[in-house]
Amino acid sequence: DAGVIQSPRHEVTEMGQEVTLRCKPISGHDYLFWYRQTMMRGLELLIYFNNNVPIDDSGMPEDRFSAKMPNASFSTLKIQPSEPRDSAVYFCASSLGLVGGSHKNEQFFGPGTRLTVL
Amino acid sequence: QKEVEQDPGPLSVPEGAIVSLNCTYSNSAFQYFMWYRQYSRKGPELLMYTYSSGNKEDGRFTAQVDKSSKYISLFIRDSQPSDSATYLCAMSRSGNTPLVFGKGTRLSVIA
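Sequence lines, in order, name chains Y and B.
Per this note's numbering, residue 148 is the first one in the first sequence, and the count goes up by one each step.
Per this note's numbering, residue 129 is the first one in the second sequence, and the count goes up by one each step.
There's no promise every hint is true.
[Stated by the list, open to error] The list that follows gives simulated cross-link-like pairs (lysine-lysine, PhoX-like), each with its CA atoms no further than 20 Å apart:
1. Y:K251 to B:K195
2. B:K130 to B:K198
3. B:K184 to Y:K251
4. B:K195 to B:K130
5. Y:K225 to Y:K171
6. B:K170 to Y:K171
7. Y:K171 to Y:K215
8. Y:K225 to Y:K215
9. B:K195 to B:K184
[To be verified] With the C-beta cut set under 8 Å, the calculated list includes, among others, these residues of chain Y facing chain B:
10. F180
11. G189
12. L190
13. L192
14. Y195
15. F238
16. L245
17. V246
18. K251
19. E253
20. Q254
21. F256
22. G257
23. P258
24. G259
Since the hints were derived computationally from the structure, they do not count as laboratory data.
All values reported here derive from a predicted model rather than from experimental measurement.
Every residue gets a Cβ at the ideal spot worked out from N, C-alpha and C, and that includes glycine.
Generate the whole structure from the sequences, applying the supplied hints.
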């Protein structure tokens, strides 16, 4: 398996523009996570899906952010309109399950999308 | 107070040194503890996994959990320049909750 695939790897856009980040999870994984990483706040969970259904979106900063998972092999994170404070590295991760029991249910992370909003 | 606290560093050590990385947490319900390693411009990858209290050793790496003190540690023996990375602790309450990550500690091992 190629691992978690994210695109684009880098995105530079201007304030007010719509940004769409894409993720292909590892085949067979039931959970998909979107994270945002900044120096100030570290790695923050934005939203996660189980079997394509959003389970917890309490980490989504505001209504400008939305995420979808139309099928088991694809998810998007959209920011509309984008603002300079959205500049960060956005990671997608997938796992077989949540941590628990005898299973570590390791999360596998993609390479990230580095977003810069000017 | 954040649920998980981790000193961001940076921490710089000479090659061969023993490195100690630590996290404290406030939620006594955490049961599953992990350490992820993140190389520059890469995604984090799982390094160590521990359930409840105790120690776990894997090669040069040892993870310790002290639930009474709400304190976890990662020790790296005979550190190498290839260990230079950011180390993030992560923990979870149960099988129905996602991981909570620390901010990460940036480590540099100087040859």
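**Report entry** Numbered hints the structure breaks, given as an ascending list
**Finding:** none
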